[in-house]
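Student: If you want the building blocks of each chain, they are given just below.
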Amino acid sequence: AQRVTQPEKLLSVFKGAPVELKCNYSYSGSPELFWYVQYSRQRLQLLLRHISRESIKGFTADLNKGETSFHLKKPFAQEEDSAMYYCALLPISARQLTFGSGTQLTVLP
Amino acid sequence: DVKVTQSSRYLVKRTGEKVFLECVQDMDHENMFWYRQDPGLGLRLIYFSYDVKMKEKGDIPEGYSVSREKKERFSLILESASTNQTSMYLCASSSSLTPPGELFFGEGSRLTVL
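Here the protein sequences line up with chains Z and R, keeping their order.
Numbering follows the working numbering, in which position 77 of the first sequence is assigned residue number 77; successive positions increment by one, without gaps.
Numbering follows the working numbering, in which position 45 of the second sequence is assigned residue number 154; successive positions increment by one, without gaps.
Okay, chain R solo, but in the shape it has when bound (with noise of 0.2 Å):
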């Protein structure tokens, strides 16, 4: 079974406060993605990478970065919180070999920004 791990479950920050999100997947994935989750508006895609050192920006970039320096680990930075980052953070892998689009999550990170 593909394991995505979210090393936060739970996480509350001051705003201004410099976040990191970490992911960890153990089946050589290529292909990492960062999601945010919010009730009514779905999941939206943050940041993703196809290899390491590699990054592109999804639909929402604006106050996040990234950083690959592993291929199995994908890291999410807030580098200065706002209220308006508190959300649930999903991260998420898939394989290049596999037939595309079939994502694997991990459980998510809940981020409350104060």
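Chain Z extracted, bound-state conformation (with noise of 0.2 Å):
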């Protein structure tokens, strides 16, 4: 069964500071991953997919399979980029997604 783990439960950056929200998975195949994320009050919505190599409100995540990492990056971070993320995996012909536990993301003025 695939499974998807972030470390960090809280993470803490300065505003301007480089954010790296960590996520490693465990899937037999070639699993697409995705970041959530949610907003204080607001629904869980989609941030980005490894599949599109976009980058979104300037986060970027880069999917290593040699170290089955996806991890989401941002060079500056702003203080309405605090919310909670959550990493998550499709396996190959599912249509449900598996979440980690995600990581709430404080960006400090």
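The set of hints was computed from the structure by calculation and includes no laboratory data.
Treat the hints with caution; some may be incorrect.
Reference excerpt, derived from the structure (chain R facing chain Z, CB under 8 Å, subset only) [unchecked claim]: (1) Phe142; (2) Leu154; (3) Ile186.
Ideal Cβ placement from N, Cα and C applies to all residues, glycine included.
Hey, can you piece these two chains together into the complex? The hints should help.
Tutor: In structure tokens, the structure reads:
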């Protein structure tokens, strides 16, 4: 069975500092990986997916198959980035996501 | 915009009560999901459905059942609520026609079982 691990429950950085939220996965095939975000009092929503290789709100994530990682990065954190971030994995031919335990990011002024 | 609506935002129930959590989506999505969200545990899949009257167990189905009589509606049922079912419940939907993995979530139903 697949598994997604987010080792940091809480992460605090200062505004303008780089931020990296870690995500590791275990899965025997080639999964699709996603980052979801939940801002305070808002719905959980998709932030980005690895397959589209896009940058959303300054965030990027690279799939490293050798290290089975999909870390989320942003070079200069902003206070509005404070939120709960979930890494998620979609197995081949599946429709249901497996989520990690989440990382609460706080960007300090 | 896809809208997923969970009818009850906050519920307080007593142990042993039967609880219904309702979820409706308005975008004709085939797939619907129920997750529970707990601090430190993330989102865990309870049940999901790919079609009307179809259901499949997720990772933690024990103590829950679901109903999908219409495409737009997916109900989560707690036959006999217990205190360990106190949690935030999230409903989500997705389309089979768009890239997989993009789930649209409701605002959540926070259930407290006393």
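Student: None of the hints should be skipped; say for each whether it holds.
Tutor: Quick rundown of the hints versus the structure:
1. Annotation: interface hint on R:Phe142 holds; nearest CB of chain Z at approximately 6 Å, less than 8 Å.
2. Hint status for R:Leu154: holds, given a least beta-carbon distance of 6 Å to chain Z, under 8 Å.
3. The interface hint given for R:Ile186 is violated, since its Cβ lies 19 Å from the closest Cβ of chain Z, which is over the 8 Å cut-off.
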